[in-house]
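Participant: Now for the letters of each chain:
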Amino acid sequence: QQQVKQSPQSLIVQKGGISIINCAYENTAFDYFPWYQQFPGKGPALLIAIRPDVSEKKEGRFTISFNKSAKQFSLHIMDSQPGDSATYFCAASIQGGSEKLVFGKGTKLTVNP
Amino acid sequence: DAGVIQSPRHEVTEMGQEVTLRCKPISGHDYLFWYRQTMMRGLELLIYFNNNVPIDDSGMPEDRFSAKMPNASFSTLKIQPSEPRDSAVYFCASIEHGGANTEAFFGQGTRLTVV
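Chains as they are written, first to last, in the working numbering: chain A, 11 to 123; chain B, 700 to 814.
Hints are not guaranteed to be accurate.
Stated by the list, open to error - With a cut-off of at most 30 Å between alpha-carbon atoms, the simulated DSS-like pairs for lysine-lysine come out as follows:
{"hint": "1", "chain 1": "B", "residue 1": "K723", "chain 2": "A", "residue 2": "K52"}
{"hint": "2", "chain 1": "B", "residue 1": "K723", "chain 2": "B", "residue 2": "K767"}
{"hint": "3", "chain 1": "A", "residue 1": "K81", "chain 2": "A", "residue 2": "K110"}
{"hint": "4", "chain 1": "B", "residue 1": "K767", "chain 2": "A", "residue 2": "K52"}
These are computed hints drawn from the structure, not numbers from a lab.
These figures come from a predicted structure and were not determined experimentally.
For reference, chain A alone in the conformation it holds in the complex (with noise of 0.2 Å):
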């Protein structure tokens, strides 16, 4: 069973554009969702997360956005560079809890020069 479905399997995107990335989630028991950026060879790092008692969060030019109704939540890259080329996972968990996170199958994203 996947919990938590990511679209789409990858993404090429021109420089300076704004890169998409979506989740959705099935566990109404989720209450922290992050998404993780690998580069290839190296492990997933997080990027940025967000709580269900927001509806966005932005650091920098990441954004994500979070509908709490829908059980969706979305990555935004704005002004995507090239070196933001990657692999992005979203995830889900339950805090306090198992801390067990589920991912999502990830995104290959291309920023072309």
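Since the structure of chain A is provided, determine the placement of chain B on it from the hints.
Facilitator: Just chain B now, with coordinates in the frame of chain A:
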């Protein structure tokens, strides 16, 4: 802290051989996770420990897989016997419980190739 340390970085082995992957979590972190990454299935959680105790091993694919955490600073994932379909990148991650933002710190992974 040097972060989560995994060894070896690369492992090539023949089908049927025993493989042992190693992980040293960040000091003070009380959760340790083993993930497997493949193109087809993404990041799959295999097993995780809390304070060295296995909590959930429902992701372990078969009895050929086993994991141990004898102390807070060391964990192993063993595959015996290995099969070509076990080829993947295996990641270890650790978390400090109770942080304001629960961040999982991943190691660099072990790329396993079974031929």
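Participant: Run the structure past the numbered hints and jot down the numbers of the failing ones, going up.
Facilitator: Going through the list in order, the structure violates no hint and respects every one.
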